[in-house]
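Visitor: Heads up: the sequence lines are chains A and B, in that order. Counting from 1, one number per residue, gives the positions in the first sequence under my numbering. Counting from 842, one number per residue, gives the positions in the second sequence under my numbering.
Derived by calculation from the structure, the hints in this document are not laboratory data. Hints may contain errors.
[As the list claims (entries may be wrong)] Example chain A residues on the side facing chain B (calculated, C-beta under 7 Å, incomplete):
id: 1; residue: K172
id: 2; residue: G426
id: 3; residue: P444
id: 4; residue: T445
id: 5; residue: I449
id: 6; residue: T627
Using N, Cα and C, we set each Cβ at its ideal position, and we do this for glycine too.
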Amino acid sequence: MPTQTRTQTLPISGATCQGCSRTITSALEQVSGVERVTVDLQAQQVAVTGSASRNALQKALVQAGYGADMNDSGHEHDDHNDDNGTASEPASQAAQSIQLNISGATCASCVRTIESALRGTPGVHGADMNFADRTAQVTGTASTNALIKAVEDAGYGASEARDDDNDEQEAKERAHYRQLLRHMWLGLGLGVPLMAWGLLGGDMMVRPGEISQWVWLGIGIATLAVLATAGRHFFVGAWKAFRNHNANMDTLIALGTGAAWLYSMVVVLLPGALPEAARHVYFEASAMIIGLINLGQALEVRARGKTSAAVKRLLDLGAKTARVIRDGPNQEKVEQDIPVEQVQNGDTLRVRPGEKIAVDGTVKEGESRIDESMLTGEPMPVNKAPGDTVSAGTLNEGGTLLYTATAVGKDTALSRIVALVKKAQGSKPPIGRLADQVSAIFVPTIMLIAIAAALVWFNVGPEPRLTHMLISATTVLIIACPCALGLATPMSVMVGVGKAAEYGILIRQGEALQTSSQLDTIVLDKTGTITEGKPAVTDILCAEGQQENTILALAASLESGSEHPLATAIVNEGKERGLSLDDATQFQALNGKGVIATINGKTYRLGNRRWLESEGVTINLDSTPLTDKGTTPLFLSEQKNLLAIIGVADRIKDDSKAAIARLKAQGLKVIMITGDIAASANAIAEQAGVDDVMAEVLPEDKAKKVAALQKEGRTVAMVGDGINDAPALAQADVGFAIGTGTDVAIESAAITLMGGSLHGVADAMAISSATVRNIKQNLFGAFVYNSLGVPVAAGILYPLTGSLLSPVIAGAAMSLSSVTVVTNANRLRFFKPKHNQETSA
Amino acid sequence: MTIFINLAGLILMALVVWWFWLSHRKSTAQATTQEATIIVEDGVYSPASIRARAGQSLTLHFDRRDPSPCAEQVIFQGLDTSEFLETDSITTLTLNNLPQGKYRFTCQMQMYQGTLFVE
Numbered sequence: 001m002p003t004q005t006r007t008q009t010l011p012i013s014g015a016t017c018q019g020c021s022r023t024i025t026s027a028l029e030q031v032s033g034v035e036r037v038t039v040d041l042q043a044q045q046v047a048v049t050g051s052a053s054r055n056a057l058q059k060a061l062v063q064a065g066y067g068a069d070m071n072d073s074g075h076e077h078d079d080h081n082d083d084n085g086t087a088s089e090p091a092s093q094a095a096q097s098i099q100l101n102i103s104g105a106t107c108a109s110c111v112r113t114i115e116s117a118l119r120g121t122p123g124v125h126g127a128d129m130n131f132a133d134r135t136a137q138v139t140g141t142a143s144t145n146a147l148i149k150a151v152e153d154a155g156y157g158a159s160e161a162r163d164d165d166n167d168e169q170e171a172k173e174r175a176h177y178r179q180l181l182r183h184m185w186l187g188l189g190l191g192v193p194l195m196a197w198g199l200l201g202g203d204m205m206v207r208p209g210e211i212s213q214w215v216w217l218g219i220g221i222a223t224l225a226v227l228a229t230a231g232r233h234f235f236v237g238a239w240k241a242f243r244n245h246n247a248n249m250d251t252l253i254a255l256g257t258g259a260a261w262l263y264s265m266v267v268v269l270l271p272g273a274l275p276e277a278a279r280h281v282y283f284e285a286s287a288m289i290i291g292l293i294n295l296g297q298a299l300e301v302r303a304r305g306k307t308s309a310a311v312k313r314l315l316d317l318g319a320k321t322a323r324v325i326r327d328g329p330n331q332e333k334v335e336q337d338i339p340v341e342q343v344q345n346g347d348t349l350r351v352r353p354g355e356k357i358a359v360d361g362t363v364k365e366g367e368s369r370i371d372e373s374m375l376t377g378e379p380m381p382v383n384k385a386p387g388d389t390v391s392a393g394t395l396n397e398g399g400t401l402l403y404t405a406t407a408v409g410k411d412t413a414l415s416r417i418v419a420l421v422k423k424a425q426g427s428k429p430p431i432g433r434l435a436d437q438v439s440a441i442f443v444p445t446i447m448l449i450a451i452a453a454a455l456v457w458f459n460v461g462p463e464p465r466l467t468h469m470l471i472s473a474t475t476v477l478i479i480a481c482p483c484a485l486g487l488a489t490p491m492s493v494m495v496g497v498g499k500a501a502e503y504g505i506l507i508r509q510g511e512a513l514q515t516s517s518q519l520d521t522i523v524l525d526k527t528g529t530i531t532e533g534k535p536a537v538t539d540i541l542c543a544e545g546q547q548e549n550t551i552l553a554l555a556a557s558l559e560s561g562s563e564h565p566l567a568t569a570i571v572n573e574g575k576e577r578g579l580s581l582d583d584a585t586q587f588q589a590l591n592g593k594g595v596i597a598t599i600n601g602k603t604y605r606l607g608n609r610r611w612l613e614s615e616g617v618t619i620n621l622d623s624t625p626l627t628d629k630g631t632t633p634l635f636l637s638e639q640k641n642l643l644a645i646i647g648v649a650d651r652i653k654d655d656s657k658a659a660i661a662r663l664k665a666q667g668l669k670v671i672m673i674t675g676d677i678a679a680s681a682n683a684i685a686e687q688a689g690v691d692d693v694m695a696e697v698l699p700e701d702k703a704k705k706v707a708a709l710q711k712e713g714r715t716v717a718m719v720g721d722g723i724n725d726a727p728a729l730a731q732a733d734v735g736f737a738i739g740t741g742t743d744v745a746i747e748s749a750a751i752t753l754m755g756g757s758l759h760g761v762a763d764a765m766a767i768s769s770a771t772v773r774n775i776k777q778n779l780f781g782a783f784v785y786n787s788l789g790v791p792v793a794a795g796i797l798y799p800l801t802g803s804l805l806s807p808v809i810a811g812a813a814m815s816l817s818s819v820t821v822v823t824n825a826n827r828l829r830f831f832k833p834k835h836n837q838e839t840s841a
Numbered sequence: 842m843t844i845f846i847n848l849a850g851l852i853l854m855a856l857v858v859w860w861f862w863l864s865h866r867k868s869t870a871q872a873t874t875q876e877a878t879i880i881v882e883d884g885v886y887s888p889a890s891i892r893a894r895a896g897q898s899l900t901l902h903f904d905r906r907d908p909s910p911c912a913e914q915v916i917f918q919g920l921d922t923s924e925f926l927e928t929d930s931i932t933t934l935t936l937n938n939l940p941q942g943k944y945r946f947t948c949q950m951q952m953y954q955g956t957l958f959v960e
């Protein structure tokens, strides 16, 4: 058969850089008949010109480790030798992504071997291994078992990875905890008997020529073994930091324990070089300190695990599987449970009662109640109907829903909330800056103090001066604890931000935590903040002989053709009451007046007073009670007869009044800001119980009003909807975006309240105050500990007590100090804003 | 002997001041880069110094090999950016549109220390 030159396009996978491009080109150019190779990394395909068979090209690609799938659509399919096994894969089988945990891979070449093995498996479109976390991501139609077998045949181990990152991290933490405990036992195993020997009157001095010198040498070697095993990480860390011109906690521990050991070895090996009184060994101090600090770190690991409990709880909200409805081989609908990671945008999913919503989506079919409290903090379930949005992690309490996936993976509201909380947990309020500045210079400063203390003891101290020098320097190095200082702020912020998230409060920056605890004025936007934000029917005043429901049905029928918010309020009320509406004909909406239409042959008008009066309608009902409370009256007439007045108002939220009272009780001045006219604004303000009103303020002027308050020396919070009020929120010292639901993309506000209740503002302030209080306690404790501990360790109390602090006691104190800080921060986990105690009571 | 010990102590103090505060930290990242891998191990970021171009995005891959909780978070001071690092994993962090300046990146306790130079 004559060969012919043609261009074939083959898909490639795993090629990410120019190096890959060169490897592919070189591999393909070696195939007989290839004339030109062009790699397109972006499209993950390669164009090959020449007479080479597709099969030969495919083989070369697989061997090079960038195996392509022939089943994927190459442009040329005229090659009859195309017998790649993947062609037999059922076309209906959907491509999926499988993650495998790989074991036994020790180097980069293992990665290549494993990837080649996976790519050589029929049905695999692409395989990439991440050497760092020993996982492989495989896409295609191959079964998990086939993939595992391929890896095992290549000489490695594989298992399917599940979405248990959290569990895996916890397992690693546990393993680290156990390792620290093993190190603790090593240190204390040697240190405690030695210390007991000394305390019970045993001789800790080296006497040249005696057998005890050899015994001490043995103990010195055993101590070295403890330092090299249980204390290895301190020494390695200290050395690496030193090379980088850094000094850290490891530096202090390594210097302290190393100095004690070195001195003791000099005593053992060269006792004659030291005065007799200075021939004391301190091996027990080295071993004990290593043991105690490992114990302290183990306790800290335990305590720290709890500080991120809030994020873990949020992560646990995510569903592991989703029930997806996809087309089957014969175009019939097939429902199957798949891992949530495999859900794609546009998939239709089913959620049954009692199940979690797997990904963000829009309801397609069915009605149900969804418990969103885990995200928004709102206790009441929310009704969902077609067109409504649902969020991943929320719980379906009512019926079955079909919904279309609109955001998956990292794009779901839940994932974004977790990301936001994690980010905020890493930010620091200004109160922590001093500690940061001190931390940055802490370790070298302590080293200077240790040397200075040793020199002072050498120059003015009593005999044995060498021993005193060693003890004071070692104890200073060991007792100083940068951890407590460094951890004081971040630990409290971590727990505080997490606590807030539990209440549906997302704090963006650590600074907002501190400012929220210092506020004296709070400006509340009216619409949507104090009120529901959507008008509703509040009153129906009927003329004599008229029935409320008949009037409402008539009004709703009239307004059903209108899109005005007031019309929507009336139609919704009619629907809620289950009233049947009549068809309105000859409908006209008259701007600024109202609507006119004919129903069952009669002409009705619904609109404002002035219009109806101008049409000759006699207004013989009193609308003053409605206008007095800020309600808009709508007049309904048939011909010249007034039938009723319907009051429509943007209702105050049920709990706004209580929440405002709570804010005032905290000593805040509460101001309402609105574009409404003064009379209507004052009516709402009176009902809500605010201190002051700023009415007739244009949206663009709200920020100026906030700035004016700030000029008066006030620390101002602004609460608004986050979109229209964005400039005012940004201007305020702290901006609260309220009622955002799960839309956490509001960046104009420092604090986002996912729930719609103003209690969220009070809760946020209570949590902020508690967090700042906790930070202050931690900082105070850490500063006091270090500023008392270091001078005592240096021997300042020696004139009074006649003795120096033991380095072992210093080690115990140091390891406990950081645990204390973390434990104190953890107390915040039990904090409850008062409102919740009241409501639960 | 007394003078010798005092002198040795003072020299040691001077060395501490010089080494940790005054001498320039060696920049292990020689050239400016927009992507780098930083190993988090044994109390040290390697490399501990990164140079990047201003106005561009910088991608950093943190390879955390230290299981101790000290290493669990990296905080970029002055950039309002932080990230939790998973043990034995690479965590990628992208910093967009970097303003010119010198930024420290540290763990929560500032025991791990690094510097980002944006030029």
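Visitor: Would you mind marking each hint as holding or not holding in the structure?
Guide: Cross-check of the supplied hints:
Hint status for A/K172 relative to chain B: holds, with the closest Cβ pair at about 5 Å, below 7 Å. For A/G426, the interface hint holds, the least distance from its beta-carbon to any beta-carbon of chain B being 2 Å, beneath 7 Å. Interface hint status for A/P444: upheld, as the beta-carbon distance to the closest one in chain B is roughly 4 Å, under 7 Å. With 7 Å as the threshold, the beta carbon of A/T445 stays out of range of chain B, its nearest partner Cβ sitting at about 9 Å, so the hint is violated.
A hinted interface residue such as A/I449 counts as satisfied when its beta carbon comes closer than 7 Å to some beta carbon of chain B; here the least separation is about 10 Å, so the hint is violated. About 49 Å separates the beta-carbon of A/T627 from the nearest beta-carbon of chain B, more than 7 Å, and the hint is not met.
Violated hints for the displayed structure, listed by number in ascending order: 4, 5 and 6.
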